[in-house]
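The task is simple: from the sequences and hints, build the whole structure.
Here the protein sequences line up with chains A and B, keeping their order.
Positions 1 to 269 (the numbering used here) are the ones given, in order, by the first sequence.
Positions 1001 to 1328 (the numbering used here) are the ones given, in order, by the second sequence.
Since the hints were derived computationally from the structure, they do not count as laboratory data.
Remember, predicted model here, so these are calculated numbers, not experimental data.
Beta carbons: idealized from backbone N, C-alpha and C, even for Gly.
Check each hint, because a few of them may be wrong.
Below, simulated DSSO-like cross-link-like pairs (lysine-lysine); rule was C-alpha separation at most 30 angstroms, straight line [claimed, not checked]:
hint : chain 1 : residue 1 : chain 2 : residue 2
1    : A       : K219      : A       : K241
2    : A       : K219      : A       : K102
3    : B       : K1138     : A       : K181
4    : A       : K102      : B       : K1214
5    : A       : K102      : B       : K1216
6    : B       : K1138     : A       : K102
7    : B       : K1117     : B       : K1138
8    : B       : K1117     : A       : K181
9    : B       : K1117     : A       : K102
Chain B stretches covered by chain A per the calculated footprint, using a threshold of three residues with CB under 8 angstroms from any CB of chain A [as the list claims (entries may be wrong)]:
hint : segment
10   : 1069-1083
11   : 1093-1100
12   : 1255-1268
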Amino acid sequence: MSTATLNAPAATRSRPFAWAEQSLTLAWRNIVRIRQNPEALADVTFQPIIFLLLFLFVFGGAIAGEGSWQDYLPYLLPGVLVQSVVFSTMGTGVGLNDDFAKGVFDRFRSLPIARVAPLIGAVLGDSVRYLTSIVILMVTGFALGFRFENGVGNGLLACLLILVFALSLCWIWVWLGLTMKTVQGVQGIAFLVMFPLTFGSNVFVETSTLPGFLQALTKVNPVTYLVDAMRGLMLGGEVQKPLLITLAWMIGLVTVFAPLAIRAYRRRT
Amino acid sequence: MSTTNQVAISAEGLVKRYGGTTALDGVDLSVPTGTVLGVLGPNGAGKTTAVRILGTLLRPDAGHATVGGYDVVREAPRVREIIGLTGQYASVDEDMSGRRNLVMIGRLLGLPRDQAKAKAGQLLERFELTGAGDRIAKTYSGGMRRRLDLAASLVGDPSILYLDEPTTGLDPHARNGVWDTIRNLVLDGTTVLLTTQYLEEADALADSIMVFDKGKVVAQGRPAELKAQAGKQSLDVRPAEPGHLERVAAIVAEAVGTRPTVDVVNALVSVPVSDGTSMPVVVRRLDEAGIAVTELSLRLPSLDEVFLALTGHAAEEQSTAVLEGASR
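Written as structure tokens, this is what we have:
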């Protein structure tokens, strides 16, 4: 057998940005999967719309007091946006866990590709899901009469903020997805954390209406500040303080959980 | 690096422990370039652990191994460039079409888009999946799925291929298809390491066989050598009329000098012999007695019998697994 057959094709060598190309290919995989299984997108399409409509029409009248659901919509939409996107970050952990369980990652690992590419690809690919959620909710909101009252630029900035927040938060689920044994375990923990995190905040109601212990929770809950910053950007009002606190949380989340996730990933690969 | 040596895969003293259990307990192996090594053993014998180490998916706790001349731990990226892996793990993405799976792997390996597509098309055709190529893999039958797995491991034209139980759970027709594919790969010069629970499979495909039991190699050699190691040949006679079993047994006993075993269920008379000299005698006596037979053969012992002889116990886990499978 000649030497040549045991040497890799030249194409797999000497490409300095190979890891980036490989990550993009694997991100593309996540998008293809969505295209071939559109029902897998339900959690970022129908679910947020249903949440928005239910809260708007079931609680809208009661929460708005003298007003109607139209008065509640500007308040609710940024909140539901945050809630939906925060919930959909869980999918990243579930997907990774599933890939490991089904042996898809072993296939990747047996290929001569950058070790970190599958992880980056998974996170990048999922940002498409987050973006879907944002677009769907904004379109629904606009159809119902929502407007960026603080200018389109600031409104879009708010959309960018929630996207980046999701990319910071998803590292928790990446970490759990890589350390927990089953998909069900990851989902169990996720719901346990997500419900208090999103409902124990100002997503749906003014925090002043809550009992004391819940108000204490909302004051340390990053979701509260994120929603404040989003409302400020979309509708006008204070932006700077909640935005800074949100940014600090994002940095904190990435600093703590990205290394944990990468360590767990290295341990499994 | 020069690979003028004719050894494609070589391992010395591989040990892997999981907590208290030792999955692999000092395994040496060597696979000459262009040959097929069959690794045989029941579930839990350490076959998959060995393949995972040789495939760079797992680090050994002790010992070392080289594949194509590259160390599996220190030069893992190089090893990955020359191997292909197919097995119970190392799976394709069930939520994508067969074609997209193959294109993705081609792209990951650095092929330009059009080349990756062309390669995927060729492989689908070669594995008779062209018609199903655009369906998602979840909808494939077991045999199609296995062929897609094989195709996926061949996108990079590996010179060394690991097949971990490639036919487990397949029906005989699908199994034969996979066997043909493996034979063709070997004809093209690919080195294959194949694990299997089916003795028949190792016998049919492998140039040499290693028998694993509880993390150790308990026997190795060419299929014929292993069979010889386990003992004598066997003379089998199957009368056309089950009612003739006793008369056949008497004739065989007289000709060979040993009392044969009579398998009433399969209507088979079977006796161990050291050589074939008694065969003509048996034929003459049967003819004189006017007894018609449907089978008369002198055979080497089956690998099941070999496994029993070598390990002192039957391939227990295997038979349990089969029973579990059957009861479902």
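Hints and how they fare:
no. : hint              : in the structure
1   : A:K219 x A:K241   : holds (13 angstroms)
2   : A:K219 x A:K102   : violated (41 angstroms)
3   : B:K1138 x A:K181  : holds (23 angstroms)
4   : A:K102 x B:K1214  : holds (26 angstroms)
5   : A:K102 x B:K1216  : holds (28 angstroms)
6   : B:K1138 x A:K102  : holds (12 angstroms)
7   : B:K1117 x B:K1138 : holds (21 angstroms)
8   : B:K1117 x A:K181  : violated (36 angstroms)
9   : B:K1117 x A:K102  : holds (25 angstroms)
10  : 1069-1083         : holds (count 7)
11  : 1093-1100         : holds (count 6)
12  : 1255-1268         : violated (count 0)
The structure fails to meet hints 2, 8 and 12 from the earlier list, while all remaining hints are met.
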